Amino acid sequence: MFFCLQGLAVAVSGDVYTAKAVIAARTPGAGGVGDGAGIMFAEGLYRNALKMIGTPRPPSATADDDDAAAGGAARADLRLAASVIHARYAAILKASGPQRVAEAEDWAAAAAKEWRAPGYGDMDDACAVAWAARGIGSVGEGGEKAAVHDMTLMMPVTLHNTRFPPRG
Amino acid sequence: MDRVASHVAAALNAARALAAGPSTSSSLPDAERVMDVHLDAADTAASEAGPETDPHAVVMRIAALGARGAAAMAAGDAAAADAATREIFERTLGPSDESNDDTSPGLEFSRTYPLSPEAVNAAVVAASDKPHGAAVAHAIKQCAQWSALNDESDLYVDIVQADALYAFAESAADAARESEHVSAAASAMYADATYADVKLGRAQLALRTAVRLAGDMREIQSGEDSESESSEFVVEAVEEMGKRVREALATAESSAAAALTACEALGGETQKDPRVVSLLFTLARSI
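Here the protein sequences come in this chain order: A and B. Reading the first sequence from the start, the letters are residues 1 to 168 in our numbering. Reading the second sequence from the start, the letters are residues 1001 to 1287 in our numbering.
I should point out that these hints are in silico values taken from the structure, not numbers from a laboratory. Predicted model only: the values in this text are computed from it and were never measured. Incorrect hints may have been included.
Quick list of the computed label-pair ranges, beta carbon to beta carbon [claimed, not checked]:
hint: 1; chain 1: A; residue 1: R100; chain 2: B; residue 2: P1114; range: 55 to 63 angstroms
hint: 2; chain 1: A; residue 1: E103; chain 2: B; residue 2: G1223; range: 34 to 42 angstroms
hint: 3; chain 1: A; residue 1: N48; chain 2: B; residue 2: K1243; range: 26 to 34 angstroms
hint: 4; chain 1: B; residue 1: A1237; chain 2: A; residue 2: E103; range: 39 to 47 angstroms
hint: 5; chain 1: A; residue 1: A102; chain 2: B; residue 2: A1080; range: 37 to 45 angstroms
hint: 6; chain 1: A; residue 1: Q99; chain 2: B; residue 2: G1215; range: 51 to 59 angstroms
hint: 7; chain 1: A; residue 1: G44; chain 2: B; residue 2: R1246; range: 29 to 37 angstroms
hint: 8; chain 1: A; residue 1: E103; chain 2: B; residue 2: P1114; range: 35 to 43 angstroms
hint: 9; chain 1: B; residue 1: T1044; chain 2: A; residue 2: P56; range: 25 to 33 angstroms
hint: 10; chain 1: A; residue 1: V101; chain 2: B; residue 2: G1242; range: 42 to 50 angstroms
hint: 11; chain 1: B; residue 1: H1181; chain 2: A; residue 2: G44; range: 26 to 34 angstroms
hint: 12; chain 1: B; residue 1: A1164; chain 2: A; residue 2: P98; range: 55 to 63 angstroms
Covered stretches of chain A (chain B as the covering partner; in silico rule of three or more C-beta atoms under 8 angstroms from a C-beta of chain B) [unchecked claim]:
hint: 13; region: 6-18
hint: 14; region: 94-105
hint: 15; region: 148-156
Each residue gets a CB set at the ideal place from its N, CA and C atoms; glycine is no exception.
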């Protein structure tokens, strides 16, 4: 469990560099090109975080699936924490350029599967996790208050319901 | 560990299992019932600690409320999380703005909670050498966590409020983990994890602040560009905001690094980790 806590901390460190890069890119007078190195550094940190939570590749299953072992799924008790890290990583990959889009989609799909949040009004699962992921510290507008990673509960605390079976 | 601390630890463990969903039910079947039993037991133990005028009893009550808040957050019960964190907030920082609308807020407040926030804060600090030190620090952290999320009021108000609570939680967790008191040995181990959690929370709050401020700064700048003359006031405001963005990013970076260091110090091997073993012990003993 505590190894996984490190994963969360590393992911938030990654968020710091993503935020730096995004702020640099959007600040008028700073050239507007952003900090490409910052995104690369964030990606490196996220890669470490993904290894720590046991999902070096995008999982095609969740822990309670029959084929979980084949998909390299995140541990059942890490499902919620993992989903947000996976969604954030997908966002970072998308920011890296068009050549990473397919990979990003795999991670986003894994995140949506792990999150499974019915009850978000008219938002579907993928929207819910993407929306929550935006709130972890950095990128995007409007999602500032979406979620806070809580190490004690091993989940992102949100203002919305997160209690549901992992596979609908 | 005392009874409140044991039940808080067990309730948190059950809350974690509940949040993770039914796939973890093999490790903790009936998580919701177990969680409720321990929450009620923590409340009872806290109420038996003494009257409302006793700082020690109030601190116990705060520890139990922290577990209740965390459990509500895990279960997605926003109303219960709100109620628990509001009580922690009002007991430690005084009445919130909403209750200030009354004509005699001080009077109203003192009727609800006879003990002043100053006395409670002193008792929280003193609790670091007690078996429930970590549970109290956790309660304040949980309150900060919810304040950072609360979308009812202005974001900047939330940031200032959450930051104050995080700072308080950090000092409480730090004192608890540094405690050399024999009776606080188990609490010191739990407080290590709470400290890491607080640092992580502060990093996230600072990041959110930086991104929000940078967004507002852009808005001001783009508004300024459209005018023919830039006013001195706007230039100053933008400079000030730029400074605050840099400060917030620096805080985020150092807090995230501190969280990582604290996590690494916790150790990586789940099976051998004494905290996990003691948690399982607590759970097995108290059901």
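Evaluation of the provided hints:
no.	hint	in the structure
1	A:R100 / B:P1114: 55 to 63 angstroms	holds (60 angstroms)
2	A:E103 / B:G1223: 34 to 42 angstroms	holds (39 angstroms)
3	A:N48 / B:K1243: 26 to 34 angstroms	holds (32 angstroms)
4	B:A1237 / A:E103: 39 to 47 angstroms	holds (41 angstroms)
5	A:A102 / B:A1080: 37 to 45 angstroms	holds (42 angstroms)
6	A:Q99 / B:G1215: 51 to 59 angstroms	violated (29 angstroms)
7	A:G44 / B:R1246: 29 to 37 angstroms	violated (23 angstroms)
8	A:E103 / B:P1114: 35 to 43 angstroms	violated (59 angstroms)
9	B:T1044 / A:P56: 25 to 33 angstroms	violated (46 angstroms)
10	A:V101 / B:G1242: 42 to 50 angstroms	violated (33 angstroms)
11	B:H1181 / A:G44: 26 to 34 angstroms	violated (42 angstroms)
12	B:A1164 / A:P98: 55 to 63 angstroms	violated (44 angstroms)
13	6-18	holds (count 8)
14	94-105	violated (count 0)
15	148-156	holds (count 8)
Checked against the numbered hints above, the structure breaks hints 6, 7, 8, 9, 10, 11, 12, 14 and satisfies the rest.
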